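> Taking our numbering, I'd label the letters of the sequence shown as residues 25 to 272.
Hints in this document: simulated from the structure, not taken from any laboratory.
Treat the hints with care, since some could be wrong.
[Claimed, not checked] Restraint-style ranges between C-beta atoms, simulated for each label pair: (1) 267 to 31: 35 to 41 Å; (2) 67 to 157: 18 to 24 Å; (3) 26 to 267: 18 to 24 Å; (4) 144 to 110: 38 to 44 Å.
Keep in mind it's a predicted model, so treat the numbers as computed, not measured.
Note that the Cβ used here is the ideal one computed from N, Cα and C, for glycine as well.
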Amino acid sequence: MNTSTFLFLVKDEFRRRNSAKHSNKWWMFYVAAGILIGLIFAAVFADNIDPYGVMFMSFGFPYITFVIAFGIVIREWKNGTAGWWLTLPYPRRSLILSKYAASICTAVIMHIIFWVGAQLFVAYALILKGNFNFHSLTAFMQTSAIWYGVIMMVIPFMAAFGTLTGVVSRSRLKPLTPMLWIVYGFSGNSLFWILKSPHLNKLQLAQNPNEIFIVQSHEFGWIALGIILLSGILISAATVLMNKQVEG
(Lines of atoms letter the chains of each structure in order from A; the text may use other names.)
(Lines give C-alpha, C1' and ligand atoms only; values in the text may rest on other atoms or scores of the structure.)
Protein backbone atom coordinates (compact mmCIF):
# COMPACT_ATOMS: atom_id res chain seq x y z
CA MET A 25 0.00 0.00 0.00
CA ASN A 26 1.38 3.38 -0.99
CA THR A 27 1.80 6.35 1.31
CA SER A 28 -1.15 8.31 -0.06
CA THR A 29 -3.54 5.43 0.66
CA PHE A 30 -2.17 5.02 4.17
CA LEU A 31 -2.55 8.76 4.85
CA PHE A 32 -6.11 8.53 3.53
CA LEU A 33 -6.89 5.79 6.07
CA VAL A 34 -5.39 7.84 8.90
CA LYS A 35 -7.33 10.91 7.79
CA ASP A 36 -10.51 8.84 7.68
CA GLU A 37 -9.91 7.78 11.30
CA PHE A 38 -9.76 11.44 12.32
CA ARG A 39 -12.82 12.31 10.24
CA ARG A 40 -14.96 9.64 11.85
CA ARG A 41 -13.63 10.51 15.31
CA ASN A 42 -14.50 14.19 14.84
CA SER A 43 -17.92 13.27 13.46
CA ALA A 44 -18.68 11.25 16.57
CA LYS A 45 -17.43 14.04 18.82
CA HIS A 46 -19.56 16.70 17.16
CA SER A 47 -22.62 14.47 17.39
CA ASN A 48 -22.35 14.93 21.15
CA LYS A 49 -23.62 18.48 21.63
CA TRP A 50 -22.36 18.57 25.19
CA TRP A 51 -18.64 18.44 24.40
CA MET A 52 -18.31 22.22 24.05
CA PHE A 53 -20.06 22.64 27.40
CA TYR A 54 -17.58 20.27 29.04
CA VAL A 55 -14.62 22.18 27.60
CA ALA A 56 -16.03 25.54 28.68
CA ALA A 57 -16.82 24.20 32.16
CA GLY A 58 -13.29 22.85 32.52
CA ILE A 59 -11.76 26.19 31.56
CA LEU A 60 -14.07 28.06 33.94
CA ILE A 61 -13.21 25.73 36.82
CA GLY A 62 -9.50 26.22 36.12
CA LEU A 63 -9.86 30.01 36.17
CA ILE A 64 -11.81 29.94 39.43
CA PHE A 65 -9.31 27.54 41.01
CA ALA A 66 -6.40 29.78 40.01
CA ALA A 67 -8.17 32.85 41.41
CA VAL A 68 -8.95 31.21 44.76
CA PHE A 69 -5.62 29.45 45.31
CA ALA A 70 -3.30 31.80 43.41
CA ASP A 71 -1.02 32.37 46.42
CA ASN A 72 -0.52 28.64 46.96
CA ILE A 73 -0.07 27.51 43.36
CA ASP A 74 3.37 26.16 42.49
CA PRO A 75 3.81 26.52 38.71
CA TYR A 76 6.05 23.46 38.58
CA GLY A 77 3.50 21.39 40.47
CA VAL A 78 1.17 21.77 37.47
CA MET A 79 3.45 19.50 35.46
CA PHE A 80 2.76 16.54 37.74
CA MET A 81 -0.70 16.29 36.14
CA SER A 82 1.08 14.92 33.09
CA PHE A 83 1.81 11.63 34.88
CA GLY A 84 -1.68 10.52 33.87
CA PHE A 85 -1.05 11.07 30.15
CA PRO A 86 0.43 7.61 29.44
CA TYR A 87 -2.81 6.07 30.75
CA ILE A 88 -4.88 8.41 28.59
CA THR A 89 -2.79 7.45 25.53
CA PHE A 90 -3.62 3.78 26.11
CA VAL A 91 -7.34 4.53 26.41
CA ILE A 92 -7.28 6.61 23.21
CA ALA A 93 -5.70 3.76 21.22
CA PHE A 94 -8.01 1.17 22.76
CA GLY A 95 -11.06 3.29 21.98
CA ILE A 96 -10.06 3.87 18.35
CA VAL A 97 -9.89 0.11 17.78
CA ILE A 98 -13.09 -1.00 19.52
CA ARG A 99 -15.02 1.90 18.02
CA GLU A 100 -15.67 -0.26 14.94
CA TRP A 101 -17.55 -2.84 17.00
CA LYS A 102 -19.36 -0.27 19.15
CA ASN A 103 -20.59 1.53 16.03
CA GLY A 104 -21.47 -1.68 14.20
CA THR A 105 -18.96 -0.96 11.41
CA ALA A 106 -16.50 -3.78 12.15
CA GLY A 107 -17.70 -5.93 9.25
CA TRP A 108 -17.39 -3.04 6.81
CA TRP A 109 -13.98 -2.02 8.19
CA LEU A 110 -12.52 -5.54 8.05
CA THR A 111 -13.65 -6.03 4.44
CA LEU A 112 -11.99 -2.87 3.13
CA PRO A 113 -9.67 -3.69 0.18
CA TYR A 114 -6.52 -3.17 2.21
CA PRO A 115 -4.27 -5.53 4.18
CA ARG A 116 -5.32 -5.78 7.79
CA ARG A 117 -1.83 -4.72 8.78
CA SER A 118 -2.48 -1.41 7.03
CA LEU A 119 -5.83 -1.06 8.78
CA ILE A 120 -4.30 -1.58 12.22
CA LEU A 121 -1.32 0.66 11.44
CA SER A 122 -3.66 3.46 10.41
CA LYS A 123 -5.43 3.22 13.76
CA TYR A 124 -2.09 3.10 15.55
CA ALA A 125 -0.90 6.21 13.70
CA ALA A 126 -4.18 8.00 14.43
CA SER A 127 -3.87 7.21 18.14
CA ILE A 128 -0.30 8.53 18.24
CA CYS A 129 -1.31 11.73 16.44
CA THR A 130 -4.26 12.19 18.80
CA ALA A 131 -2.04 11.68 21.85
CA VAL A 132 0.58 14.13 20.56
CA ILE A 133 -2.09 16.75 19.88
CA MET A 134 -3.49 16.18 23.37
CA HIS A 135 -0.05 16.68 24.92
CA ILE A 136 0.50 19.90 22.98
CA ILE A 137 -2.92 21.26 23.96
CA PHE A 138 -2.30 20.49 27.62
CA TRP A 139 1.18 22.03 27.45
CA VAL A 140 -0.18 25.25 25.94
CA GLY A 141 -3.01 25.22 28.49
CA ALA A 142 -0.46 24.84 31.30
CA GLN A 143 1.44 27.90 30.06
CA LEU A 144 -1.74 29.99 29.98
CA PHE A 145 -2.81 28.73 33.40
CA VAL A 146 0.56 29.53 34.98
CA ALA A 147 0.68 32.97 33.35
CA TYR A 148 -2.81 33.69 34.66
CA ALA A 149 -1.86 32.49 38.17
CA LEU A 150 1.31 34.61 38.19
CA ILE A 151 -0.68 37.68 37.17
CA LEU A 152 -3.13 37.06 40.02
CA LYS A 153 -0.23 36.66 42.46
CA GLY A 154 1.16 39.99 41.29
CA ASN A 155 4.64 38.67 40.52
CA PHE A 156 4.34 38.01 36.79
CA ASN A 157 7.50 38.46 34.76
CA PHE A 158 8.54 37.09 31.40
CA HIS A 159 11.73 35.54 32.77
CA SER A 160 9.79 33.27 35.14
CA LEU A 161 7.30 32.33 32.44
CA THR A 162 10.07 31.62 29.92
CA ALA A 163 11.90 29.44 32.44
CA PHE A 164 8.70 27.49 33.09
CA MET A 165 8.06 27.09 29.36
CA GLN A 166 11.55 25.66 28.82
CA THR A 167 11.36 23.34 31.81
CA SER A 168 7.87 22.08 31.00
CA ALA A 169 8.78 21.57 27.33
CA ILE A 170 11.64 19.27 28.37
CA TRP A 171 9.42 17.49 30.87
CA TYR A 172 6.61 16.95 28.36
CA GLY A 173 9.21 15.69 25.90
CA VAL A 174 10.18 12.99 28.40
CA ILE A 175 6.51 12.14 28.99
CA MET A 176 5.88 11.86 25.24
CA MET A 177 8.62 9.25 24.88
CA VAL A 178 6.18 6.58 26.08
CA ILE A 179 3.43 7.49 23.59
CA PRO A 180 4.43 4.90 20.93
CA PHE A 181 4.54 2.09 23.50
CA MET A 182 1.28 2.95 25.27
CA ALA A 183 -0.50 3.49 21.93
CA ALA A 184 0.74 0.11 20.68
CA PHE A 185 -0.32 -1.60 23.90
CA GLY A 186 -3.75 0.02 23.72
CA THR A 187 -4.12 -1.06 20.10
CA LEU A 188 -3.16 -4.66 20.94
CA THR A 189 -5.56 -4.74 23.90
CA GLY A 190 -8.37 -3.47 21.69
CA VAL A 191 -7.73 -6.20 19.13
CA VAL A 192 -7.48 -8.91 21.82
CA SER A 193 -10.78 -7.79 23.35
CA ARG A 194 -12.52 -8.48 20.02
CA SER A 195 -10.71 -11.70 19.16
CA ARG A 196 -10.96 -15.32 20.22
CA LEU A 197 -8.40 -14.47 22.91
CA LYS A 198 -10.88 -12.17 24.63
CA PRO A 199 -10.50 -13.99 28.01
CA LEU A 200 -6.98 -12.52 28.21
CA THR A 201 -8.33 -8.97 28.20
CA PRO A 202 -8.59 -8.57 32.02
CA MET A 203 -4.95 -9.64 32.34
CA LEU A 204 -3.92 -7.01 29.80
CA TRP A 205 -5.82 -4.35 31.75
CA ILE A 206 -3.87 -5.34 34.85
CA VAL A 207 -0.61 -5.02 32.93
CA TYR A 208 -1.88 -1.66 31.68
CA GLY A 209 -2.10 -0.47 35.26
CA PHE A 210 1.62 -1.13 35.66
CA SER A 211 2.78 -0.12 32.19
CA GLY A 212 1.23 3.32 32.56
CA ASN A 213 3.96 3.90 35.11
CA SER A 214 6.60 3.23 32.45
CA LEU A 215 7.75 6.80 32.92
CA PHE A 216 8.85 5.89 36.44
CA TRP A 217 10.84 2.98 35.02
CA ILE A 218 12.62 5.44 32.74
CA LEU A 219 13.37 7.76 35.64
CA LYS A 220 14.82 4.88 37.68
CA SER A 221 17.52 4.29 35.09
CA PRO A 222 20.93 4.63 36.82
CA HIS A 223 21.86 7.74 34.87
CA LEU A 224 18.46 9.40 35.22
CA ASN A 225 18.19 9.56 38.98
CA LYS A 226 19.03 13.27 38.98
CA LEU A 227 15.97 14.23 37.01
CA GLN A 228 14.08 16.87 38.94
CA LEU A 229 11.61 19.62 38.32
CA ALA A 230 14.08 22.41 38.95
CA GLN A 231 13.15 26.00 38.25
CA ASN A 232 16.34 26.33 36.25
CA PRO A 233 15.60 24.49 32.99
CA ASN A 234 19.32 23.80 32.55
CA GLU A 235 19.19 21.65 35.71
CA ILE A 236 16.02 19.69 34.94
CA PHE A 237 18.12 16.59 34.42
CA ILE A 238 21.74 15.59 34.08
CA VAL A 239 22.02 12.58 31.81
CA GLN A 240 24.22 11.34 29.03
CA SER A 241 22.43 11.65 25.71
CA HIS A 242 23.09 8.02 24.74
CA GLU A 243 20.94 6.88 27.69
CA PHE A 244 17.83 8.37 26.15
CA GLY A 245 18.89 6.91 22.82
CA TRP A 246 18.81 3.37 24.22
CA ILE A 247 15.50 4.03 25.94
CA ALA A 248 13.98 5.37 22.71
CA LEU A 249 15.28 2.34 20.80
CA GLY A 250 13.76 -0.01 23.38
CA ILE A 251 10.41 1.76 23.17
CA ILE A 252 10.42 1.54 19.37
CA LEU A 253 11.26 -2.18 19.45
CA LEU A 254 8.58 -2.97 22.04
CA SER A 255 6.02 -0.95 20.09
CA GLY A 256 6.89 -2.83 16.91
CA ILE A 257 6.47 -6.18 18.67
CA LEU A 258 3.06 -5.20 20.08
CA ILE A 259 1.79 -3.91 16.73
CA SER A 260 3.07 -7.05 14.98
CA ALA A 261 1.18 -9.15 17.53
CA ALA A 262 -1.96 -7.09 16.92
CA THR A 263 -1.56 -7.65 13.18
CA VAL A 264 -1.24 -11.42 13.61
CA LEU A 265 -4.40 -11.47 15.74
CA MET A 266 -6.21 -9.33 13.19
CA ASN A 267 -5.37 -11.83 10.46
CA LYS A 268 -6.13 -15.04 12.36
CA GLN A 269 -8.33 -14.42 15.38
CA VAL A 270 -10.60 -11.44 14.61
CA GLU A 271 -13.90 -11.63 12.80
CA GLY A 272 -16.39 -8.89 12.01
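> Could you run down the list of hints and mark each one as holding or not?
Here is what the structure says about each hint:
1. 267 to 31: 35 to 41 Å: 23 Å, violated
2. 67 to 157: 18 to 24 Å: 20 Å, holds
3. 26 to 267: 18 to 24 Å: This hint holds: roughly 21 Å between Cβ atoms.
4. 144 to 110: 38 to 44 Å: With Cβ atoms ~43 Å apart, the hint holds.
Consistency with the previously given hints fails for number 1 only.
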